[in-house]
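> Since the structure of chain A is already known, use the hints to place chain B on it.
Protein chains: 2
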Amino acid sequence: MDETLLQRKLGHIIRDRRLALGLSQEELADRCALHRTYVGSVERGERNISIQNIVRIANALDTRVWELIRAAEEGLPIP
Amino acid sequence: MDETLLQRKLGHIIRDRRLALGLSQEELADRCALHRTYVGSVERGERNISIQNIVRIANALDTRVWELIRAAEEGLPIP
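Residue numbers (UniProt numbering), protein chains in the order written: chain A, 1 to 79; chain B, 1 to 79.
Among the clues, some could well be false.
[To be verified] Derived coverage of chain B by chain A (criterion: at least 3 residues anywhere in the stretch with Cβ under 8 Å from a Cβ of chain A; other residues may be distant):
| no. | segment |
| --- | --- |
| 1 | 15-21 |
| 2 | 38-52 |
| 3 | 61-70 |
[What the hints assert, rightly or not] Non-contacting residues of chain B with respect to chain A, defined by C-beta distances greater than 10 Å in every case (computed):
| no. | residue |
| --- | --- |
| 4 | 12 |
| 5 | 24 |
| 6 | 25 |
| 7 | 26 |
| 8 | 27 |
| 9 | 30 |
| 10 | 31 |
| 11 | 35 |
| 12 | 77 |
| 13 | 79 |
Think of the hints as simulated: they come from the structure by calculation, not from any bench. Think of the CB as a built atom: it goes at the ideal place given N, C-alpha and C, for glycine as much as any other residue.
Chain A on its own, in the form it takes in the complex (with noise of 0.2 Å):
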């Protein structure tokens, strides 16, 4: 897959995982001690975001970093 594809779809899996657990963005960025606007960024695909951001991420969405990566990479669903 594309860097920059994976990237975006990436940033759709992480709002919509966030959207599912009935999280605004900044309740998001509070849970992994981000800023609101890196975590907007993410999820419009503008970040091409570290390894150690996504976790901080996945913890916050309480999922696995290989699931919110597989639902990005294959589009399958978050269990």
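Here is chain B on its own, set in the frame of chain A:
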């Protein structure tokens, strides 16, 4: 999982997969247009690697990004 722990485990999985494919760091670096010293630092777990570079390395190792991450996160082998 702790951010830096996954970073280190991912580095080990990348190295193991490279060796299983019989590739040198130089050959892997060439495949993904990254510098050999960068690949070395990723394998040693010293790099907070970005999603785009993980994609490039996964592609070069002929595996899916989520499979690399799952191997690091869960200790499961790459299919």
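> Tell me, in ascending order, the numbers of any earlier hints that this structure violates.
1
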